[in-house]
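Undergrad: Please take these sequences and the hints and turn them into a complete structure.
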Amino acid sequence: MSPSLQLTALALVPLAAGLAVVALLLTLRRLLRRMGVTHGVGLAFLSGTLALSLAAAYWLWLAEQGRPADARIRTVLLAALVCSWGFVALGLAEHALLRRRRAQGQATLPRLALDIGRALAFIVVILLTLNLVLGVQLSSIVISSTVASAVIGLALQDLLKNVFAGIALQAERPFDVGHWVEINKQTGQIVEMSWRATRMITVDGNYVIYPNSLLAQSELTNYTLGSPIQAVHAQVGVGYSHPPNLVKQVLSQAALASADVCRDPPPSVKLVQYGDYSVTYDIKFWLYSYDRYPEKRDTVMSNAWYHLHRAGIKLPFPIREVYLHQVDPLSEADQHHVYVENLVATLRQVDLFTALDTAELHNLAEHVQLRLYGKGEPLARQGEAGDTFFIIRSGRVRIDVDDIVGDALPAVTVNHLGPGEFFGEMGLLTGAVRGATVIAEADTEALVVARPDIAPLLQANPQLPDRLGAILAQRLEMNRAVLATRSAADMPADEISRPTLAQRIRSLFGLG
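Take the sequence shown: its position 218, counted from the start at 1, is 218 in our numbering, and no numbers get skipped.
I should point out that these hints are in silico values taken from the structure, not numbers from a laboratory.
Do not take every clue at face value.
Said to hold, decoys possible - Computed beta-carbon distance windows for the label pairs: (1) E366 / G239: 42 to 48 Å; (2) L120 / R263: 46 to 52 Å; (3) G239 / G376: 18 to 24 Å; (4) H416 / P266: 24 to 30 Å; (5) E341 / K314: 24 to 30 Å.
Heads up, the beta-carbon is just placed ideally off N, CA and C, and yes, glycines get one too.
TA: Now the structure itself:
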């Protein structure tokens, strides 16, 4: 055989053996993936075993030909063998580490940490191979690499900045893969962290790449860390004619109608602004998780529209409604007549006014005021001067009486009043200060009668002071029964009888 053919055979035999081994290894790799072995084995396993197989094939071919291998070739093949098996060992160690972390329920290591660990481990294997097998002095490598490192460092300043920023982010761990974050007013989910950049998919489906150096200097909000629930705000504007407490109740029910909204803590609604066209309310509700945040917020906002519509509450913003209305005097007179008749019907339900005829009731209805009070708002306070009388038209109030001698005992609720009931008659008719504090337990509409409004009625009905005195005495007795459970010292020493009250009414109004 000619020398050229021998050289060709010398090159083809290990190459053919290597190709056969590659095909076998690809099949083996597929089987390993089916078994769940996917981390750290792929490239290291293939490259290492390929080099090992080529070396073995070369040695077998030389042994068959009876030719001794050159010492340099043996050294190079031995170095390749050691280096390749080192890579295989590193890959298997990485797979065992990751498998153990998964079995213990620990978080997956970030890609950046894996890449840095692989690079450092590969460098150590290569340096050990050069020193132990090839006899290369590591000191010479360090000296020569110093100059190269300076040149490379100047050329790759930005890249190195990103790498070190990525290392700092991995050490501090302000977020992890799968966390929902807000970066530079962009909200999304972290999908990957590498040695150069961090990748995020926004709520709009955009794929955003942040260099680590920029990310390390940016303001970041992590919606996944900390509390397992996240607060979300949504604002709604409604018309000025709707009571705030009613609007708050409807909007709270709208938020709770969504299955994604937490029941504990419950949603809260606050009035935040009086705008040009509407009153703005802020709905604060809590979500169990931040994923699909836009869809969950849309559900709450849609529920708000339907709940407000069913409650008869208008949403004028940002629409300007202009009405051209021609005033009809007859129509206004009719409307006022209906209004007065409704007030007369309310006044007829009050025991104090059963002695009044229809004309007197109409006269009183022309002077009374109709007022609206919000839930929790006081209508009257104990100890204040009282010259008005209240008739509950809708809603509910409670009557609280503080301790008479002014000690630290809490107030006592002596009664609850609803539609058709009244209070404030003591101050109106006798000139006494308020004997109790009255607080609205719900949005309450009340008719308010002032002292000048009722004076003509008392002057026209001589028997009315006696009737009013009897009712006042009855109410005083009820308050006494409640306060008697505290202490005998708390009770007033003087007794006020019905005739005495009637006389005080006549004296206050100058009836003789």
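Undergrad: Are the hints correct? Go through all of them and say.
TA: Checked hints:
no.: 1; hint: E366 / G239: 42 to 48 Å; result: violated, 30 Å
no.: 2; hint: L120 / R263: 46 to 52 Å; result: holds, 51 Å
no.: 3; hint: G239 / G376: 18 to 24 Å; result: holds, 22 Å
no.: 4; hint: H416 / P266: 24 to 30 Å; result: holds, 25 Å
no.: 5; hint: E341 / K314: 24 to 30 Å; result: holds, 28 Å
Going through the hint list in order, the structure does not satisfy hint 1, though it satisfies all others.
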